[in-house]
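Each residue of the sequence shown is one higher than the one before, counting from 8 in our numbering.
Since the hints were made in silico from the structure, they are not lab data.
It should be emphasised that the depicted structure is a prediction, and the values quoted were computed from it without experimental measurement.
Where is the CB? At the ideal position from N, CA and C, for every residue including glycine.
Please note that the accuracy of each hint is not assured.
What the hints assert, rightly or not - Result set (EDC-like, lysine to aspartate or glutamate): computed pairs, CA atoms no more than 20 Å apart in a straight line:
1) K49 x E85
2) K94 x D48
3) K50 x D91
4) K44 x E28
5) K44 x E54
6) K44 x E58
7) K82 x D98
8) K94 x E80
9) K50 x D26
10) K63 x E23
11) K87 x D98
12) K94 x D59
13) K94 x E53
14) K94 x E54
15) K94 x E35
16) K94 x D71
17) K94 x E58
18) K49 x E80
19) K44 x E80
20) K67 x E35
21) K49 x D59
22) K49 x D98
23) K87 x E35
24) K44 x E22
25) K67 x E85
26) K47 x D98
27) K87 x D71
28) K67 x D91
29) K47 x E58
30) K82 x E53
31) K47 x D71
32) K44 x D26
33) K50 x E22
34) K50 x E80
Claimed, not checked - Estimated spans, in silico, between C-beta atoms of each pair:
35) E53 x S25: 16 to 22 Å
36) S64 x K15: 20 to 26 Å
37) A27 x E85: 32 to 38 Å
38) E58 x Q33: 16 to 22 Å
39) K82 x D13: 40 to 46 Å
40) A60 x A11: 38 to 44 Å
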Amino acid sequence: MQYAPDYKINLIAPEELSDAESERFQTELCELLKFIKYSKDKKRLEEIVAEDAAFKSISKRTADAINTITHSELKFPEGKETVDMCKAIQDIRKDAIC
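Model the full structure from these sequences, guided by the hints.
Written out as C-alpha cells, the structure is:
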C-alpha cells in the first residue's frame with residue numbers, strides 16, 4: 008500500500024491480563040485496565056477499588072474513559088481534577104437503592 012505502511016499494533020485485552028501484568032503499566036492505564044477487566048463482576052470490582060489506593064485519586068480524564076468504555080454511569084463532582092472511584096461506586100449504589 009502506498010499510503011498506509013505496515014505498522015505493528017499491540018492490542019490489549021484487559022480480561023486476559025493478570026493483575027500483575029496490568030501493574031506493569033506505570034500510568035493510570037493500570038487502573039483503567041483493571042476497572043475494565045472487573046466491570047462485569049461488581050463484587051470483585053468493589054474489592055479491587057477499595058483495596059487499591061490508586062483508585063482514591065484517579066484523574067477526571069481517566070474516570071471519564073472508565074465511564075465511556077464500561078458504561079458505568081458513575082457521577083463525579085464538578086470542578087475537581089481527581090475522582091475517588093470508591094466513593095463514586097458507593098454513590099451509584101445508593102442511587103440504585105432509592
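Among all the numbered hints in the text so far, which are the ones the structure does not match? 1, 10, 36
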